[in-house]
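Asks: Those protein sequence lines, which keep their order, are chains Y, E, S and B.
Mapped onto my numbering, the consecutive letters of the first sequence carry residue numbers 1 to 489.
Mapped onto my numbering, the consecutive letters of the second sequence carry residue numbers 1 to 573.
Mapped onto my numbering, the consecutive letters of the third sequence carry residue numbers 1 to 321.
Mapped onto my numbering, the consecutive letters of the fourth sequence carry residue numbers 1 to 144.
Please keep in mind that the hints were generated in silico from the structure rather than gathered at the bench.
Quick caveat: nothing in here was measured; it's all calculated off a predicted structure.
Hints should not be assumed to be uniformly reliable.
[To be verified] Sample of chain E residues lacking proximity to chain S, with all beta carbon distances greater than 10 Å (derived):
#1 GLU3
#2 VAL496
#3 GLY510
[What the hints assert, rightly or not] In silico lysine to aspartate or glutamate, EDC-like type, Cα no more than 16 Å apart, as pairs:
#4 S:LYS142 / Y:ASP24
#5 S:LYS150 / B:GLU104
#6 E:LYS448 / E:ASP473
#7 Y:LYS176 / S:GLU211
#8 S:LYS286 / E:ASP349
#9 E:LYS528 / S:ASP204
#10 S:LYS184 / S:GLU32
#11 B:LYS89 / S:GLU292
#12 Y:LYS426 / Y:ASP31
#13 S:LYS215 / E:GLU516
#14 E:LYS400 / E:ASP366
#15 E:LYS530 / S:ASP204
#16 B:LYS88 / B:ASP70
#17 Y:LYS289 / S:ASP62
#18 E:LYS529 / S:ASP204
#19 E:LYS530 / E:ASP504
#20 B:LYS88 / S:GLU292
#21 B:LYS89 / S:ASP300
#22 Y:LYS30 / S:GLU139
#23 E:LYS5 / E:GLU60
#24 S:LYS206 / E:GLU527
#25 Y:LYS258 / Y:GLU235
#26 E:LYS530 / S:GLU211
[Unchecked claim] Chain Y stretches covered by chain S per the calculated footprint, using a threshold of three residues with CB under 8 Å from any CB of chain S:
#27 45-51
#28 371-378
From the three backbone atoms N, C-alpha and C, an ideal C-beta is built for every residue, glycine too.
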Amino acid sequence: MNKTISIDPITRLEGHGKIEIFLDDDGAVKDCYFQIPELRGFERFVVGRPIEELPRIVTRICGVCPASHHMASAKAVDGCFGNEVPQLAHKLRDMYYHAHYIHSHIAHFYALAAPDFVCGPDADPAIRNILGVVAKVGLEIGGQVIRARSMAQRIQQILGGRFTHLVWCLPGGVSKGLKKEELEEIKPMVKELSKFADFSLKLFHDVVLANPTYVDLILNGPYTLDVQYMGLVDENNAPNFYDGQVRVVDFNGQEICKYKPEQYAEFVAEHVETWSYLKFPYLKKRGWKGFVEGIDSSIYCATPLARLNVSDRMATPRAQQAYEEMFSTLGGKPCKALMGNHWARLVEIMQNVEMLERYCADPEITGEKFRVVPQHITGEGVGIVEAMRGTLTHHYTCDKNGICTSANLIVGTTNNNAPIHMVTKKVAQTLIKPGKDPDQGILNMIEMAFRAFDPCYSCATHSLPGQMPLEVTVYKGGQVHWYCKRQVE
Amino acid sequence: MKECKIGVYICNCGSNIARVIDCEAVREFVSHLPQVTIARTYRYMCSNPGQEMIAQDIKENGLDRVVVAACSPRMHERTFRNAIQTAGLNPYMLEMANIREQCSWVHKDAAAATEKAKALARAAVLRVVNHEALERMSVDMCPQTLIIGGGMAGMTAALELADANQRVYLVEKKALLGGNLGRVDLTAPYLDSARDLITERITRVRNNPNITVMLDAQVKELKGYVGNFTAAIQQNGGQQKEAVEVKIGNVVVCTGYQEFDANRITHYGYGKLPNVITSFEFELMLRAGRIQTKEGKIPQYVAIVHCVGSRSQEFHGYCSRVCCMTALKYVHEIKSAIPKCYVSDLYIDMHAFGKGHEDFYRHTLDVKTMFLMYGKNEHPVVRRADPGDDCEMFIEVDEKLSGEVIEIPADLVILMVGMETRPDSVDVARLVNISQDKEGWFIESHPKLDPVATTTDGIYIAGTCAAPKDIPDTVAQARAASARILARVARGKIDVDAVFAEIDENYCSGCRMCNELCPYSAIEFDEKKKRSHVISALCKACGACVSSCPSGAIKGRHFTDRQIYSQIEGVLL
Amino acid sequence: MADRKLQIALYWAAACGGCDVAVLDTDEFILEVAKLADIRLWPIAVDGKYKDVENMADGELDLTLFNGAIRNSENEHLAKLLRRKSKALVAFGSCAHMGGIPGLANLTNKEEILTRAYLNNPSIESGSQKIPQPETLVETGKLNLPQFYKRVYKLSDIVDVDYFVPGCPPAPHQVKAVLLAYVKGELPEKGSVVGASQLTVCDDCKRTKTEKKVKKFYRPYQIIQDPGKCLLEQGILCLGPATRSGCGVRCPDTGLGCRGCYGPAPNVIDQGSKFLSALAAIIDSKNPDEIEKIIADIPDFISIAYRFGVPASLLQRSMHK
Amino acid sequence: MSFEPKIVGFLCNWCSYTGADLAGTSRIQYMPNIRIIRVMCSARIDPTFVMKALVDGADGVLICGCHPGDCHYSEGNYKAMRRYPLLKKLLADFGIEDERVRLEWVSASEGQRFADLVNDMTERIRALGPSRIRGTLQIDKNER
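Generate the whole structure from the sequences, applying the supplied hints.
Replies: In structure tokens:
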């Protein structure tokens with residue numbers, strides 16, 4: 001009689017995720033499934049809509065990273081109109097997007113990652129949360145974190161009118177420009193954020209790198225996968241979140257491919273399993289080989305660390321510094337240690353901040369030519385941006401009246417669906433041994449595994465007391481044999 | 001759901017309804033509907049006993065709403081409203097179900113008709129639940145009156161009002177009073193002087209302190225509503241004065257007519273043949289006291305042609321009503337001035353319907369006149385005579401009575417030009433917001449029962465601006481209009497129908513969607529409050545704004561959304 | 001309520017998480033909430049398990065903010081469960097209130113959605129015929145997925161709802177107001193819409209409005225809008241006049257027309273048809289052909305008029321077979 | 001027994017409703033499937049009424065007003081005229097058959113025309129079959 005461990009709910013993309021662990025009679029992990037139980041059908045119901053409305057519809061795919069969908073969509077729509085977009089519009093969009101990154105990464109690092117390191121992975125769950133972090137590092141810093149996040153939100157609002165579910169981008173550019181006085185309001189906030197970026201890296205040094213147990217956990221924990229990496233890079237192979245080409249390298253650092261957005265379908269395909277509503281993307285040219293690791297595996301991940309793994313350098317000096325330091329500390333590039341993602345986020349924040357500084361200094365940024373009236377409908381476009389949680393692809397076609405005739409979406413987190421499924425199983429197998437029933441610590445270890453991906457469906461990871469709701473029930477002969485669940489205060 | 005007590009009354013209308021519809025079954029059906037306290041059938045609900053039965057039920061059973069399933073509300077709604085009002089109910093607590101015109105009279109299938117009657121009755125019951133007691137508003141009636149046009153109609157109306165001691169503003173476009181009648185010599189059928197009639201009017205108008213005469217003036221703008229209009233009057237004259245604003249309660253439009261332009265007809269040679277003239281040109285001769293040709297000769301032959309521009313397909317289809325008698329009047333005047341002159345009169349039909357007109361026609365026959373009848377949509381042709389002929393022109397006419405084509409001599413040809421509307425009548429109509437028929441004449445609110453009122457309350461029409469007519473009819477209309485106004489002025493206040501649209505400012509966001517929609521400009525926008533507002537007295541309850549208000553802030557009294565929704569549910573349940 | 005902390009739950013069904021982010025966007029206030037109330041369930045932010053909820057006594061929760069539409073059997077199950085456990089159930093955000101963006105799925109159908117997602121799609125593994133199933137047998141056991149329904153429902157189609165908080169997402173200041181009102185025990189009448197005004201967006205919109213007559217409609221990209229002037233008067237579709245205010249005029253201020261996420265005004269039962277009624281009335285033409293031409297410039301009117309509320313409209317879904 | 005459509009008619013008071021009354025006074029016979037609701041002007045007819053009628057079980061909706069140019073309120077019927085094509089567009093998007101909703105001009109003197117109209121529409125809708133709209137929600141719930 002098999003035992004089943006259900007972890008439900010854990011996460012969400014467009015709903016909740018759950019983990020089903022099957023044990024054999026000895027209590028060894030026989031199998032483990034990671035399921036996404038929800039679908040909303042955007043790819044179908046945007047068909048028939050005016051193409052220019054899509055950027056303001058698809059934001060509702062995710063309220064946590066709406067700007068990523070808005071930007072990818074806007075670029076796909078640009079394509080449908082022959083890409084008649086003024087340079088200034090691209091600059092403004094990029095500027096907005098950097099602010100969006102900062103807000104998201106701050107939330108993730110402090111609310112999710114910090115508790116594990118600042119308080120410790122085996123600390124009492126009740127205090128292992130952002131409030132615990134605040135208690136440890138002091139209210140003043142806690143306040144700074146909240147202020148920094150809301151400043152990042154405010155910058156977005158000034159630029160694009162709103163932060164959650166913006167409506168700003170349309171064919172031919174953006175609906176409003178940046179006024180001089182608005183720029184003046186932004187500048188001091190960028191200054192503060194710049195300090196905050198330094199502070200965050202310093203905090204990581206002091207609390208994490210200073211602590212050998214953490215370094216060991218990062219480097220030698222069960223948190224590694226032998227899969228490939230994907231990310232968007234500029235012409236110098238430095239990370240670019242809003243624009244560029246998609247680069248894929250294997251875990252030895254060899255480039256597998258590099259493609260333009262409009263070529264995505266030649267390089268990426270999606271596998272379907274009947275037990276999850278979420279598809280499993282893989283490298284098309286290699287073909288679907290199942291959930292396997294290895295240098296020829298067609299499975300890849302697209303995360304902050306993956307982005308840095310596929311890059312040759314950062315786009316800005318201070319970020320470059322942090323980048324070099326990170327890889328030297330983590331034993332070179334590419335780095336397989338999933339926990340490295342937390343550090344990678346801080347490196348990215350640095351580039352985001354420096355880019356914002358550049359735009360603030362750019363005399364053209366407050367210009368008037370942020371929009372043109374496009375003259376031609378060419379009918380097809382692919383937009384790719386780097387969502388915080390992975391490479392995001394929107395592909396649309398429309399008829400001559402600009403009515404959407406088809407849409408295909410490969411969402412950031414979806415890229416990591418297979419890796420997460422795999423790492424969860426891996427961790428479960430490592431930790432749950434015959435005769436050794438799972439406990440609190442194990443639950444959090446499993447949790448940490450995919451928390452490293454910051455999967456968008458685990459919005460739980462943007463959590464207040466930074467912990468995922470988890471419970472494990474072990475059944476033996478239909479009877480509850482062992483039950484463990486997290487308390488909440 | 002609010003508690004109410006409804007009485008439902010199903011009328012047999014003798015056998016008109018009962019023959020097809022099983023009224024008893026309908027009664028049985030509605031009597032089980034919620035809130036229905038009592039349901040009865042009766043032979044003739046509109047009869048006195050019928051109405052009394054309803055009134056009695058209201059008193060005895062404390063009914064607060066009544067449904068009458070009978071004929072069309074257009075027939076008896078008023079009757080039953082009065083009936084329930086006498087029993088102390090607000091008249092708007094009534095709803096009618098039209099089971100006669102729209103059911104028993106149009107369907108033979110008794111079963112189907114009965115089912116439909118049930119549905120209509122149920123709809124009325126559900127609707128009446130949502131009815132609200134409505135109070136008619138009354139507003140002050142400004143006693144002053146504006147009269148547009150200083151002809152016979154205008155002056156008569158003015159005098160009628162002024163003699164009753166009311167202030168009148170008489171606005172005339174031209175520099176002098178009198179209108180078209182001022183251009184006429186004698187009048188038919190008694191041959192007394194038009195000049196005397198007009199001069200008498202003018203002097204009295206001039207001397208009446210209650211009448212402000214504004215010559216050379218035009219009404220530029222009319223704002224407001226019955227009892228409370230404001231008119232802006234522009235007096236041209238020498239130096240440009242800006243418009244004068246006057247407050248008035250009512251307006252009488254007496255803008256008259258213009259004569260048909262004979263140049264539009266070629267076959268009479270008007271404009272080419274010097275001695276072909278119009279009736280008005282002939283009036284000038286008469287008033288000058290000398291009938292002669294252009295060459296100054298005394299004419300030996302005079303021909304009069306009727307229906308010039310009237311009663312024809314290509315020009316005006318209608319009869320101008322005064323030309324026939326005027327033509328006969330000319331015969332008399334010519335004969336008395338030039339006894340041995342041969343006068344021939346070419347007509348289609350001799351219209352002599354007025355008082356004394358037939359006698360007048362007979363006398364004319366006595367004074368040796370040649371009457372020739374030509375056919376409708378045919379026409380006599382005038383040509384110049386050859387040198388050596390003893391006349392200027394010949395007229396060829398296909399004479400109906402003899403059936404022969406006859407040629408008659410003429411030194412002078414008089415064209416009896418008909419009446420048509422003035423070119424600026426369109427502007428007048430727009431100014432006072434009244435409608436025109438296809439010929440351009442102003443439309444009365446009812447051609448028989450309400451001939452001087454219009455669809456816009458407080459605006460009256462009199463004289464030839466409504467249609468061609470003679471002096472007695474014109475005077476009668478002018479006095480009728482004045483009488484209507486005096487009656488209202490005497491009451492001091494006027495009731496405005498309780499059914500109108502109103503805007504709930506708590507829900508109006510000032511989007512101004514409705515502002516352009518009102519045909520009566522009843523919606524004004526308050527720039528300070530940023531809210532729109534309906535001037536109820538101006539509103540005619542069409543409901544255009546109600547259905548167009550995107551925030552549902554406008555309520556159409558007695559036709560509210562809820563009332564109509566419940567009706568929809570009722571007919572479909 | 002002073003003696004005892006408020007017991008609250010926040011839950012998402014078919015939603016994007018934006019409503020929860022809106023709660024987080026109350027910034028420091030969120031810490032206040034933590035003081036005032038025990039958050040018993042909030043998948044985005046705190047621990048708490050379905051089982052905990054199942055173990056609660058009926059009515060144990062004072063307040064549940066439910067966001068998201070009802071798209072599948074799990075959504076419905078949780079809606080019913082939380083209804084039972086809560087004294088007050090709030091439809092929070094456009095999806096729970098009216099069906100929201102996921103409600104656009106009611107213009108198509110289940111089969112087409114599944115076909116597009118898993119079969120007929122340029123990036124699907126070639127030859128794949130798999131569609132996710134409610135039940136899958138794997139050698140080690142059985143895996144279940146919730147049932148994907150034929151159409152989307154708004155929360156009040158499934159359970160009795162006490163209050164509605166509109167918006168996609170609700171504006172943070174509105175969220176604050178609602179929570180504070182509740183904490184203070186200032187409960188509005190059951191069924192009322194809270195966290196929004198009874199006026200429409202135009203009331204807050206600073207653009208100048210005059211009398212309206214429209215001869216030509218433009219799509220947003222076809223015209224450079226005048227930021228000072230009412231969008232509709234420029235021929236740009238804006239649902240502002242037919243939409244409750246409370247959002248802070250987010251979209252028109254950005255230069256784009258309102259799409260109605262705050263739902264219809266208080267006296268209106270169908271947002272789209274009411275907007276139609278108003279919009280058509282201001283078309284400046286009396287000629288049927290010209291009118292046809294003018295409205296031909298409005299593409300896919302249904303998704304403009306009912307962007308956030310197909311399931312809340314009178315007709316609720318497309319009747320196409 | 002054959003399917004008997006339910007048709008709701010929204011008629012303006014001054015022309016169309018009077019025209020329908022005239023059909024009565026002239027004893028012109030027509031099919032009993034129509035249920036008339038009187039409004040003062042076709043401009044009052046809110047598209048919401050039409051949808052409500054369909055949802056409440058109407059198989060067809062007939063909207064009648066004065067002929068263009070003859071409106072008692074001078075231009076109300078033009079407002080109806082403007083709404084109609086957009087409403088049809090919307091109903092089509094909702095998958096509702098074209099024949100179910102119709103706008104016609106009927107003057108106070110056109111009793112015969114009104115009768116013919118009702119007969120024609122009744123026939124068309126009888127041929128079309130019953131509307132599937134009524135009780136959508138309940139049906140959907142029963143078969144998720």
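Asks: Per the coverage rule (Cβ-Cβ under 8 Å, at least three residues), is the region 45-51 of chain Y covered by chain S?
Replies: holds (count 6)
Asks: Measuring Cβ to Cβ, find out whether GLU3 of chain E lies farther than 10 Å from everything in chain S.
Replies: Holds: least Cβ distance 20 Å, greater than 10 Å.
Asks: Checking a non-interface call: every C-beta of chain S should be farther than 10 Å from the C-beta of VAL496 of chain E. Is that right?
Replies: holds, 25 Å
Asks: Are the Cα positions of LYS530 of chain E and ASP204 of chain S separated by 16 Å at most?
Replies: Given that 16 Å is the threshold and the Cα spacing comes to 11 Å, the pair holds.
Asks: Does the alpha-carbon distance linking LYS184 of chain S and GLU32 of chain S stay inside the 16 Å limit?
Replies: Holds: LYS184 of chain S and GLU32 of chain S sit about 13 Å apart, inside 16 Å.
Asks: Please verify whether LYS5 of chain E and GLU60 of chain E have alpha carbons no more than 16 Å apart.
Replies: Satisfied, since the Cα-Cα distance of roughly 12 Å is no more than 16 Å.
Asks: Decide if the proposed pair is consistent with the structure: LYS206 of chain S and GLU527 of chain E, CA atoms, cutoff 16 Å inclusive.
Replies: OK: LYS206 of chain S and GLU527 of chain E at ~13 Å, within 16 Å.
Asks: Given the hint that LYS30 of chain Y pairs with GLU139 of chain S, does the C-alpha gap stay at or below 16 Å?
Replies: Answer holds: LYS30 of chain Y to GLU139 of chain S is near 10 Å, not above 16 Å.
Asks: For the pair supplied as a hint, LYS530 of chain E and GLU211 of chain S, confirm whether the alpha-carbon distance does not exceed 16 Å.
Replies: Roughly 13 Å between the alpha carbons, so the hint for LYS530 of chain E and GLU211 of chain S holds.
Asks: Hint check: LYS426 of chain Y vs ASP31 of chain Y, CA-CA at most 16 Å. Holds or violated?
Replies: holds, 10 Å
Asks: Taking only the CA atoms, is the gap from LYS530 of chain E to ASP504 of chain E under or equal to 16 Å?
Replies: holds, 13 Å
Asks: Are the Cα positions of LYS258 of chain Y and GLU235 of chain Y separated by 16 Å at most?
Replies: Holds, at roughly 11 Å.
Consistency note: the structure conflicts with the earlier hints numbered 3, 5, 7, 8, 14, 16 and 17.
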